[in-house]
Amino acid sequence: MGIFIWPAESLSTINIIPGYFLGRLPILLLIGLLVLFLSALIYFRAQKNESDYVDQLIKLFLFFWLIIFIGFTINNYQDFKRNYYYNQYDLNKKNIIRVCDLDNVEGKLCRLFSFISLAKKDIPMGSRVQVIAEPIIKTYLIYYSFPYFEFTDQEAAAEYLLIYDTRSIIKIKP
Amino acid sequence: MLWFKIIIYFLSFLIPGYLLIWLLRPRAPKLSWVNLALAYGLGSMLMTISLFFQLFIFKNHFSLLSSWLVILIEVIILLILVIRRGVFPRREIWQSVFNLTKQIKFLKEWRSIFSSSKRALIILVVILILINSLISLNNALSRPMATFDSLATWSWKAKILFQETEISFNPETFFYLGGGGHLNYPWHVPLAQYWLQVNLGTYHDSLPNLIFVFYFFALLIVIFHFLKRYLSIFQALVFSFFLSSMPLVFYHAFNAYADLSLTFFISVALIFSIFWLTRKQRLDFYLSAIFWGLSFWVKDAALIFYLAFLLVFLIYVLKKKLRFKDWVKYILTTLLVISPWLIFKINYQLSFSNVGWSWLFQPRAIISFIETMFVSYSWNIWWFIVLIVVFLNFKKIISSFVQSFFWLFLLVSFLGLILLFSFTPAAQYALDNTALSRTLIPLAISSIMAVGLALSRKRSDS
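Heads up: the protein sequence lines correspond to chains A and B, in order.
If you're matching positions, the first sequence starts at 1 in my numbering and goes up one per residue.
If you're matching positions, the second sequence starts at 1 in my numbering and goes up one per residue.
In short, the hints are calculated from the structure, not lab data.
Don't take each hint at face value.
Have a look at the derived ranges for each label pair, beta carbon to beta carbon [stated by the list, open to error]:
| hint | chain 1 | residue 1 | chain 2 | residue 2 | range |
| --- | --- | --- | --- | --- | --- |
| 1 | A | E134 | B | I343 | 43 to 53 Å |
| 2 | A | K59 | B | I57 | 34 to 44 Å |
| 3 | A | E155 | B | N184 | 49 to 59 Å |
| 4 | A | Y84 | B | R111 | 20 to 30 Å |
| 5 | B | R457 | A | D90 | 38 to 48 Å |
| 6 | A | I132 | B | L332 | 22 to 32 Å |
| 7 | A | Y85 | B | R282 | 52 to 62 Å |
| 8 | A | E155 | B | F344 | 30 to 40 Å |
| 9 | A | D90 | B | P26 | 24 to 34 Å |
| 10 | B | L124 | A | I136 | 22 to 32 Å |
| 11 | A | N104 | B | N184 | 40 to 50 Å |
Residues from chain A that keep clear of chain B, each with C-beta distances beyond 12 Å, as calculated [stated by the list, open to error]:
| hint | residue |
| --- | --- |
| 12 | K48 |
| 13 | N49 |
| 14 | T73 |
| 15 | G107 |
| 16 | R111 |
| 17 | S114 |
| 18 | F115 |
| 19 | I123 |
| 20 | I132 |
| 21 | P135 |
| 22 | D153 |
| 23 | Y160 |
| 24 | L161 |
Glycine is no exception: its CB is placed at the ideal position from the N, C-alpha and C atoms.
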């Protein structure tokens with residue numbers, strides 16, 4: 001992973017896009033402080049000359065914006081290429097590829113689809129199932145196995161327990 | 001056939017949306033880009049509120065036929081009103097199709113307006129905006145919805161409804177009140193997706209992304225249109241480019257989350273509030289309050305920004321610059337728009353918060369704020385730009401009625417977010433860097449408008 005290059009879907013949490021550091025100093029902060037300094041220069045020079053500084057200021061913002069934008073563009077270019085890969089496949093396969101790309105829980109999300117296929121073989125369609133898994137995994141498991149199974153949060157009401165842990169096993173209620 | 005169904009889906013709310021906007025903005029150019037953007041938001045909201053009434057208030061099974069019948073009735077009523085009020089476009093519609101004649105005139109004259117270096121910069125910025133838009137559209141169409149909150153809530157609710165065709169009101173069932181991660185969340189986003197799915201006739205995992213990418217385009221249009229009033233074309237285009245390439249905002253353009261739709265409604269509410277403060281026209285006042293109300297149908301986070309707005313409004317009432325009567329009217333208008341959803345929430349004891357209310361101080365949450373704004377790449381250098389513009393224009397901002405109102409709103413909203421994420425159990429979302437940055441999206445987009453106002457050489461109070 002380079003300074004301007006994010007791996008596919010590394011932004012997937014859509015919560016925060018990590019910054020980069022030069023040693024212990026954040027690059028964005030360095031650029032920001034430089035923009036702050038140059039903006040002050042432009043402003044005071046304009047005050048002295050009694051001229052308008054807005055266009056110059058906006059050009060300065062644009063210049064420094066484009067520096068970070070390089071990384072954004074490289075990432076977009078990679079995403080664009082990745083989309084060609086996606087578009088070779090049908091929607092089911094696309095789901096698997098994207099979830100695998102998004103997987104930041106040691107491949108547990110990616111393996112989910114083979115687990116669901118196995119579960120569908122072992123448990124009759126429409127059975128009432130309780131899912132036991134980590135909260136994130138549980139969400140994906142339920143979403144992708146619905147509506148094949150019915151779901152319940154109550155063990156007493158469940159016909160089957162679907163347990164997905166490191167061993168990815170199906171436990172059938174006796 | 002698939003594309004035909006998608007076009008029908010968009011027409012199903014663009015037509016009523018257009019009619020509604022002609023009624024609400026009778027003097028604005030009929031087929032302008034900004035009307036298209038507003039029609040998109042208003043029309044899709046009208047559609048989802050109709051579905052909300054069918055499914056949640058009247059507790060009906062979903063019926064495609066009756067839903068289309070509702071749209072037809074809406075269109076007929078709106079059409080009658082449009083014709084009776086004389087706002088139906090006649091001859092001018094062809095002259096003003098998306099302001100084409102004005103735009104062609106501008107293109108003919110632009111060599112004499114701008115220097116060659118500025119022309120080159122304008123071309124560069126326009127190309128970059130177009131590339132960003134095309135990439136977001138390509139991503140939306142190629143990638144199925146799979147990000148966490150989408151599968152836990154927004155798309156999951158639509159998927160359940162697609163299968164169940166009705167809302168369960170039995171608390172014992174797994175799909176009580178539509179199921180999904182948070183029962184208290186509003187329904188605009190799930191119902192917009194659901195309406196697309198039922199029109200397609202099959203549950204599709206990637207096409208609903210189109211809803212969000214078009215919200216992104218609509219937001220770009222309204223923000224550019226707003227900035228163009230106060231800045232030169234070049235300046236307005238640069239800030240629109242910043243909007244289109246803020247990494248976090250861009251990423252939300254092709255993922256099924258509610259934050260971008262929320263930002264659209266809040267931004268439009270703020271734009272109309274600025275127009276009202278400037279022009280003092282009642283229509284702007286009511287439109288602003290209505291759009292604030294609509295934002296509550298998208299996401300509960302609207303409450304933080306709305307309370308900040310009301311507080312600033314009240315401060316100006318106390319300073320005798322605005323009237324108390326207007327403050328009350330504003331709240332009542334917003335309440336009227338939210339009332340069905342609010343009554344539903346009260347009736348089923350649904351809260352606005354996911355984590356309950358208690359006070360605890362998490363100083364590390366403040367560091368998370370600094371990290372997301374000034375260290376992460378989520379916003380490029382946007383927050384530095386905001387600080388610079390405030391420092392350089394401080395005197396101008398505090399001496400202008402409109403600008404001081406707007407910047408104070410941003411400050412109070414920001415303090416509200418700090419209060420929420422540092423002093424309540426919601427701090428967990430700041431500490432794990434999940435919801436914090438997303439919640440800043442409406443603030444980031446509003447600050448683009450504020451920066452535009454501050455850099456304007458036109459008087460914003462006139």
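Determine whether the Cβ-Cβ distance between Y84/A and R111/B falls within the hinted range of 20 to 30 Å. violated (39 Å)
Taking the beta carbons of L124/B and I136/A, is their distance inside 22 to 32 Å? violated (41 Å)
Please check whether K59/A and I57/B have a Cβ separation lying inside 34 to 44 Å. Given range 34 to 44 Å: violated, Cβ gap about 54 Å.
Distance restraint hint 30 to 40 Å, applied to the beta-carbon atoms of E155/A and F344/B: For E155/A and F344/B the Cβ distance comes to about 31 Å; the hint holds.
Confirm or reject the statement that T73/A sits farther than 12 Å, beta carbon to beta carbon, from all of chain B. Violated: least Cβ distance 8 Å, not greater than 12 Å.
Does the claim that Y160/A lies outside the interface with chain B hold up, using a Cβ gap greater than 12 Å? Non-interface label on Y160/A holds, nearest chain B Cβ at 14 Å vs cutoff 12 Å.
For I123/A, is the shortest beta carbon distance to chain B beyond 12 Å? holds (16 Å)
Non-interface label on F115/A, tested against every C-beta of chain B at 12 Å: The assertion about F115/A holds, with a minimum of 16 Å to chain B.
N104/A paired with N184/B, Cβ distance criterion 40 to 50 Å: violated (28 Å)
Has the hinted range 24 to 34 Å been met by the Cβ atoms of D90/A and P26/B? violated (49 Å)
Go ahead and decide if the range 22 to 32 Å is satisfied by the Cβ distance of I132/A to L332/B. violated (49 Å)
Taking 12 Å as the cut and beta carbons as the points, is P135/A off the interface with chain B? violated (9 Å)
Comparing the model with each earlier hint shows violations of hints 1, 2, 3, 4, 5, 6, 9, 10, 11, 14, 21, 22; every other hint is respected.
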